[in-house]
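K.L.:
These are the residues of each chain, in order.
Number of protein chains: 2
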Amino acid sequence: MASTQQSFRADKKQKVADAAAGEKPLSSGDKEQDKLLVEQQAQQIAELQEILYAERKYKILIVLQGMDTSGKDGTVRGVFGKIDPLGVSSVAFKSPSTEEKAHDFLWRVHKQVPALGEFTIFNRSHYEDVLITRVHDWIDEKECKRRYQHIRDFERMLSETGTVIMKFFLHISADEQKKRLEERIADPNKHWKFDPADLEERKYWDAYQNQYEEVIRETDADHAPWYVIPADSKTHRNLVISSIVLEKLNKLKPAFPPGNPEFSKLKVV
Amino acid sequence: MASTQQSFRADKKQKVADAAAGEKPLSSGDKEQDKLLVEQQAQQIAELQEILYAERKYKILIVLQGMDTSGKDGTVRGVFGKIDPLGVSSVAFKSPSTEEKAHDFLWRVHKQVPALGEFTIFNRSHYEDVLITRVHDWIDEKECKRRYQHIRDFERMLSETGTVIMKFFLHISADEQKKRLEERIADPNKHWKFDPADLEERKYWDAYQNQYEEVIRETDADHAPWYVIPADSKTHRNLVISSIVLEKLNKLKPAFPPGNPEFSKLKVV
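These protein sequences, in sequence, are chains Y and D. Just so we're aligned: 67 in UniProt numbering is position 67 of the first sequence, and the numbers increase by one with no gaps anywhere. Just so we're aligned: 214 in UniProt numbering is position 214 of the second sequence, and the numbers increase by one with no gaps anywhere.
No lab work stands behind these hints, which were simulated from the structure alone. Fair warning: this is a prediction, and the values are worked out from it, not measured in the lab. Hints may contain errors.
It does not matter which identical chain is meant; a pair holds if it fits inside one copy or across any two.
[As the list claims (entries may be wrong)] Taking lysine-lysine and the BS3-like style, the derived pairs with C-alpha atoms no more than 27 angstroms apart in a straight line are:
(1) K203 to K13
(2) K251 to K267
(3) K57 to K94
(4) K111 to K234
(5) K234 to K267
(6) K145 to K15
(7) K234 to K15
(8) K265 to K253
(9) K57 to K248
(10) K31 to K82
(11) K265 to K248
Next comes chain Y alone, as it looks inside the complex (with noise of 0.2 angstroms):
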């Protein structure tokens, strides 16, 4: 049987097609049932959580990507809401300020990846580089290429000192999009969420779409992987990620550091 991560495992003809985001295949058909299991899969990921980060062997970078609205924030809350916060980091990255325009677009990112038994999470990243800079034409297809490489470069060079890494595209469909937007506008407390220009970016759907599969494409890589994840629904869309992570996770045999003899011996005065 083909595991979960291989299942949503992009491929190199990866398409991101609207049809494919409403998909629920590891449903029970039981929505209470499914949360359930979320909720046990998220407690088993910061039990597992805390033995890395007591090992110190591995650091754990989680890359969440997707158009507004996909549910990054909602992941992060039902997915890895249950780590211990000495444990895990979120970062958010927004338009880079002037400082961080003056460098390299890997510096800012560079500089958040997670240290020997740390975990953490990229709420949007060094992907937005080669997203709506090159849909919105800031960057010409030359150096989206060049940004390819460099962000190949860095994966595996990530990878290589101790890092896994595991890259998550939220995939909505267009209407699934609208529907959320529509209730954001609908509902007063949400609106300090709501930026009127997701709007304007809705504009771009098909350009986004078009570009995250070119994205995929040229970054997807065995040490640095892809998994698309139909994410219409919310609760199916946190079951196929924690079940990825968990099955990861698992795989690394995370396990408390031996004990020291010599510290057995030592007296308390």
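Based on the hints, put chain D in the right spot on chain Y.
P.N.:
Chain D only, in chain Y's frame:
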């Protein structure tokens, strides 16, 4: 009735006698019931934090200090563990690096203070620079006094620019520390947390207690209060801290920002 904040607020003649470390004034007498209340309060803190994040009006800074094994990590987990990773960051200050030592002692600290809407926990802090350094005579009394003034100025500035500061001294007795160190030594799975240097530091117990009294006296302020938390009981420690934090956050009357009537007229196409 005195508020919980007032009850545990340090006073100008603050003593940190061993006896007080075991007191349980907030306990219901039933440990399971106390634990349940901690869970509920931790959940309420998480909910208020979400509103503070949306509101972007305050910056919340929690400082945790205490002797080795006093329960700083356990406090992060038990009191702040339910906050969404999007909204909380926990910063552990270790021995300063060469670069950090080449700067003033507040340099690395200032970089980590919360921005608007953020909630930051300092697990140890700039207070180490007037504790371990003074106890070991790495700085003299004159330099220490100068640093108190630097700290007072720094915290007043943070407060005047929107930071809500709460400083907790987790107060354990020497006997309780002995018990906890012995537990770590006895359990090989806990050896990764154990540093034999902790036994060396323990020899300076009295000097640390005296120094904590001085630090609290010198740096307590209404805008940056010290709370002295009896911490021999883990549950009761979390009960007191969660009560104080909750009381303080509620006083800020967090509210979602008002909706924007213009947004309500927008159409999603």
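K.L.:
Hint by hint, note whether the structure agrees.
P.N.:
Hints, verified against the model:
In the homo-oligomer, the alpha carbons of K203 and K13 lie at most 27 angstroms apart inside one protomer (25 angstroms), although the nearest pairing across protomers, at 65 angstroms, exceeds that limit. When the C-alpha separation of K251 and K267 is checked against a cutoff of 27 angstroms, the pair qualifies neither within a copy, at 38 angstroms, nor between copies, at 47 angstroms. When the C-alpha separation of K57 and K94 is checked against a cutoff of 27 angstroms, the pair qualifies only between copies, where the shortest distance is 19 angstroms, while the shortest distance within a copy is 30 angstroms. Taking the closest pair of Cα atoms, K111 and K234 never come within 27 angstroms of each other, the shortest separation being 31 angstroms inside a single copy and 36 angstroms across copies.
Proximity of K234 to K267 under the C-alpha cut-off of 27 angstroms is restricted to the inter-copy arrangement: shortest distance 24 angstroms between copies versus 53 angstroms within a copy. In this homomeric assembly, K145 and K15 come within 27 angstroms of each other (Cα to Cα) only inside a single copy, at 19 angstroms, whereas the closest approach across copies is 65 angstroms. With identical chains, the CA atoms of K234 and K15 are at most 27 angstroms apart within one copy only, with a shortest distance of 21 angstroms there and 53 angstroms across copies. Taking identical chains as interchangeable, the C-alpha atoms of K265 and K253 are never at most 27 angstroms apart, the minima being 29 angstroms within one chain and 53 angstroms between chains.
Taking the shortest alpha-carbon separations for K57 and K248, only the intra-copy value of 15 angstroms comes in at or below 27 angstroms, while the best inter-copy value is 39 angstroms. Within a single copy, K31 and K82 get their C-alpha atoms as close as 20 angstroms, and across copies as close as 24 angstroms, so both meet the 27 angstroms cut-off. In this homomeric assembly, K265 and K248 never come within 27 angstroms of each other (Cα to Cα): the closest approach is 37 angstroms inside a single copy and 46 angstroms across copies.
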